[in-house]
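Colleague: Listed here are the chains, written in short residue letters.
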Amino acid sequence: MINTKKLDKLLLKAEKPARYIGSELNEIVKNKVDIDVRFAFAFPDVYEVGMSHTGMHILYNLLNEQENIWCERVFAPWVDMENIMRENDIPLYALESKDELKEFDIIGFTLQYEMSFTNVLNMLDLANIPVRSSDRDDSMPLIIAGGPCSSNPEPLYNVIDIFVMGEAEEVILELSNLYAEKKKNNLTKDEFLERACHIEGIYVPKFYDVVYNEDNTIKERVILNENAPKIVKRRIIKDFDNIYYPKKMIVPYINTVHDRVVLEILRGCIRGCRFCQAGMLYRPFREKKVDTLVKQAENLIDATGHEELTLASLSSSDHSCICDLSTQLLEKYEKRKIGISLPSLRLDSITFDLIEKLQEVKKSGLTFAPEAGTQRMRDVINKNLTEEQILNPVKTAFDLGWSTVKLYFMIGLPTETTEDVMAIKDLAYKVKDLFFDRPKEDIKGNLRVTVSAACFVPKPFTPFQWVAQNTMEEFYDKAKMLDREIRDKKVVYNYHAPKTSYIEAVFARGDRKVADVLIKAWEKGCKFDGWNEWFKFNTWMETFEEIGVDPDFYATRRRETTENLPWDFIDIGVEKSFLIKEYEQSLNACTTPNCKEKCSNCGINKKKIGGVCTRV
Amino acid sequence: MYSVICKYTKMGDLKFISHLDILRLMQRAVNRAKLPAKYSEGFNPHMKTSFGYPLSLGVESLGEYFELQLVEKVEINKLIVDLNAVMPNKMKILNAVYYDGKESLMSLCKYAEYLINIESTKINTVELNKLLNVMINEGVIFTKEKRNKAKKKIVKKEINTKNLIHFAQAKTVNENKIIIEVVFKTSADGSMKASDFIKVLEENNIVVDYFNALKVESLNADLKPIIE
Ligand code: SF4
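Line order of the protein sequences matches chains A and B. Quick note: the first sequence uses the numbering used here, first residue 1, plus one each step. Quick note: the second sequence uses the numbering used here, first residue 1, plus one each step.
Keep in mind that the hints are not guaranteed to be accurate.
To be verified - Simulated restraints, written as ranges between beta carbons of each label pair:
#, chain 1, residue 1, chain 2, residue 2, range
1, B, Asp209, A, Lys295, 50 to 60 Å
2, A, Lys295, B, Glu72, 41 to 51 Å
3, B, Pro36, A, Asn88, 46 to 56 Å
4, B, Ser56, A, Thr471, 13 to 23 Å
What the hints assert, rightly or not - Not the full set, but computed from the structure, chain B residues with beta-carbon under 8 Å of chain A:
#, residue
5, Leu25
6, Gly58
7, Phe167
Rather than coming from a laboratory, the hints here were simulated on the basis of the structure. Predicted model, so just to flag it, every value in this text is computed and none were measured. C-beta: ideal position from N, C-alpha, C; glycine also.
Hey, can you work out the whole structure from these sequences and the hints?
Modeller: Written as structure tokens, this is what we have:
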């Protein structure tokens, strides 16, 4: 255990000490002597962000239901606390036992966002664990990682011992049990890794090498260990309705980003938006039965006392029984003043009735994501949304008394022209006109249209994985053009910093060569890169220069579809040929129907995973 | 409508939880215990609760208070048992009573009794008690810095201990440990924190190596616990 008396004195100096103490309701504390595997679930961002992540709550409880495993939590300390810890020799510790991380068997990072990679390094360092896997001997914990960003694991290939590919509910237990055997049989780390790589969904980067062409593209991957598979398959849960879901979740003391019960109602998405990585990674669409969800909601509300319940998914209105489900929950919890929210609804007439019901008490703002201004552009990205389908619900919303609307767009999408960018303004102004073009007596409230423009980042395993990201100049030109053109008190415009999106793009599609840049940039003080106040763009650019890696090669270069991509050895289920077809379709602005209308043979049903998609 | 006053503890790491966060914690505990809480009317209904004098961050307590309004009467022992079943480990409801007085819970809490543990090899209890007597009877002036939120400036204020300390007595526990029993006033126009108290000692040449404070009780005008 770390020196808790020392910590006790120092905590009062830190902002929000509650981040660092644990002991929340529903926290799990076990007796160390009964435990075979000690697992630290590590979230590379602050407590409030990590505790809002549903995946963490699922895996924490899942692992702790095993008698011989004790899973604890650790988050990235905010910079003030980091300084306190470094100055006073307090190593990074897990919240439940206050044992330092070095004493754990497995440390598992979840990689939600490329900009948190430096925090992974920083957390290892704060725990006195060498960041490079080759510098860690057998006495050190096993470092594993999962989450959406591990779908391209290569930028962290020399840091992480094992990547877990895909949905972790099953594979994490297989891996932990194998680790328990390793300990029992006194296996070396290498012996363990050799066994682990036979588990489907496990990738051990040190068993592979990469040979490059002269132009820096990948020539081939070489397998260094005969046990290692050529292709690593992503894990997919077949029976989603019966998959583990926790009966209780930890209730934080301080306000977190999402302070509520989260119910995952479906996984995957039928829509096939071409920019969306989650939409491809989490195929196929699977939903839980209403009865299952009502029961799970009850367990969690009773166990946490939260006053809000969120039905979460990529596109909640696609649940086949969404109306039935929400009505049941509304009726059940109305009296107990528990609010129900559905954040990712597609707005059409059916779901509108629902939103109205849900918001009876409090009318918060409405959110729409047209993503692009023109129909052509929306067809390129396969958003499958007409202007009518955007404006009609807005009008209904105004008639029903709403007056704040948020519109989300992306700039820098493939084939985008000035006209497409300017159309963002036109769409926002049309929304504004809808408000005022009504009879005077109907106009109530103070209209506020917020337009947000994010910079498009091409992601692996999407039909846009080959496209060039806009250069920063192009992004700034587009973003600032809108800034100049949108001149209306009722319309508020903001855009995300292109610099962050540029670095994000490098690591999203990076290969092994960006790994050393990452480590060096962290050594030079980069951390919390997703937080504007800590993002050090110049340090990043300096580091690329020093290491001799050209960031444009990864961000702004268009790839041929024949090029070997760094993540090609991973099989997510969806076939590359499908992605290529989608890419070609996009260039002609041809749309693809959603999975409910017609199956487009993405390939997920052909593979060994077999038969997971029920829509075919 | 029925009003219940509950006395609870806040021990261990929970001393790092702010007063505002405790409010939310309590409301969620009431939800989990499915007590028939009363909610305010209007657009954003919230549970009707109020608290006793706020405890400062870093102090453990055996005598904290909160008041809850119910729409139905619940048997008091059942209420205590149900709430304790859903509270975090280091927090326990010690007792509860139905209350129909006029005075708010906050103004009922006129004094706060503390035990302050001090570690130091250089203090002598006799000397310390002398100083404590001066602090109570004649008063010692100290300055307190406060952040003025509106102007974002630090304002200095001179304060006299005489009006803020009701009782203070030190006892030696062993060679380098001393316990001070102290009763602070906790009124709207002035109160003292354990950390202020230590600051006054230090300003008057008492060497404190380490201290921790435990609030034992909130006391009413008659110096009696709000609830036994
Ligand atoms: S197999 Fe067909 S229906 Fe299923 S996810 Fe793929 S495209 Fe959609």
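Colleague: Taking the hints in turn, state whether each one holds.
Modeller: The hints, checked one at a time:
1. Between Asp209 of chain B and Lys295 of chain A the C-beta distance comes to about 56 Å, which sits within the given range of 50 to 60 Å.
2. Checked against the given bound of 41 to 51 Å, the beta carbons of Lys295 of chain A and Glu72 of chain B, roughly 27 Å apart, lie outside it.
3. Separation of Pro36 of chain B from Asn88 of chain A is about 48 Å and conforms to the stated range, judged on CB atoms against 46 to 56 Å.
4. Here the CB-CB span from Ser56 of chain B to Thr471 of chain A is close to 53 Å, at odds with the stated 13 to 23 Å.
5. Interface hint status for Leu25 of chain B: upheld, as the beta-carbon distance to the closest one in chain A is roughly 6 Å, under 8 Å.
6. Interface hint at Gly58 of chain B: satisfied, since its Cβ lies 5 Å from the closest Cβ of chain A, which is below the 8 Å cut-off.
7. Of the supplied interface hints, the one on Phe167 of chain B is violated, with its beta-carbon coming no nearer than about 26 Å to a beta-carbon of chain A, more than 8 Å.
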